[in-house]
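**Q** Could you build all of it, start to finish, from the sequences and the hints given here?
Quick note on the numbering used here: the sequence shown kicks off at 1 and runs consecutively.
Hints were generated in silico from the structure; no laboratory data involved. This structure is a prediction, so every number in the text was calculated from the model and none was measured. Note that beta-carbon positions come from the ideal geometry of N, C-alpha and C, so glycine has one too. Worth double-checking, as some hints may not be accurate.
Unchecked claim - Quick list of the computed label-pair ranges, beta carbon to beta carbon:
hint, residue 1, residue 2, range
1, R9, D50, 25 to 31 Å
2, A53, K2, 27 to 33 Å
3, H4, E47, 17 to 23 Å
4, K2, D36, 14 to 20 Å
5, A53, I5, 28 to 34 Å
6, G24, V52, 15 to 21 Å
7, D51, G30, 17 to 23 Å
8, H22, K2, 16 to 22 Å
9, T48, G14, 23 to 29 Å
10, V46, H4, 15 to 21 Å
11, T48, V3, 19 to 25 Å
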Amino acid sequence: TKVHIEVQRYSREGREVVLIGHAGHPEVEGTMGQFDPAQGGAIYLVETPDDVA
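**A** Right, dumping it as structure tokens:
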């Protein structure tokens with residue numbers, strides 16, 4: 001999907017990604033699986049408002 005492609009691109013560029021969703025949800029798991037932290041970036045999952053406070 002387009003989101004997967006963008007996450008892959010951001011990963012290759014060593015960027016940080018903020019993903020909003022629920023842990024364990026298939027779409028969230030699939031999207032997070034496209035990110036390679038070995039490239040130098042990071043991906044963060046936000047599930048609740050407290051996660052960004």
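**Q** Each hint should be assessed against the structure and marked as holding or not.
**A** Here's how the hints hold up against the structure:
1. R9 / D50: 25 to 31 Å: Holds: the Cβ-Cβ distance is about 29 Å, inside 25 to 31 Å.
2. A53 / K2: 27 to 33 Å: holds (29 Å)
3. H4 / E47: 17 to 23 Å: This hint holds: roughly 20 Å between Cβ atoms.
4. K2 / D36: 14 to 20 Å: Holds: the Cβ-Cβ distance is about 18 Å, inside 14 to 20 Å.
5. A53 / I5: 28 to 34 Å: At roughly 31 Å between Cβ atoms, I5 and A53 fall inside 28 to 34 Å, so the hint holds.
6. G24 / V52: 15 to 21 Å: holds (20 Å)
7. D51 / G30: 17 to 23 Å: holds (20 Å)
8. H22 / K2: 16 to 22 Å: Hint holds: Cβ distance 20 Å, inside 16 to 22 Å.
9. T48 / G14: 23 to 29 Å: holds (27 Å)
10. V46 / H4: 15 to 21 Å: Hint holds: Cβ distance 18 Å, inside 15 to 21 Å.
11. T48 / V3: 19 to 25 Å: 21 Å Cβ-Cβ, so the 19 to 25 Å window holds.
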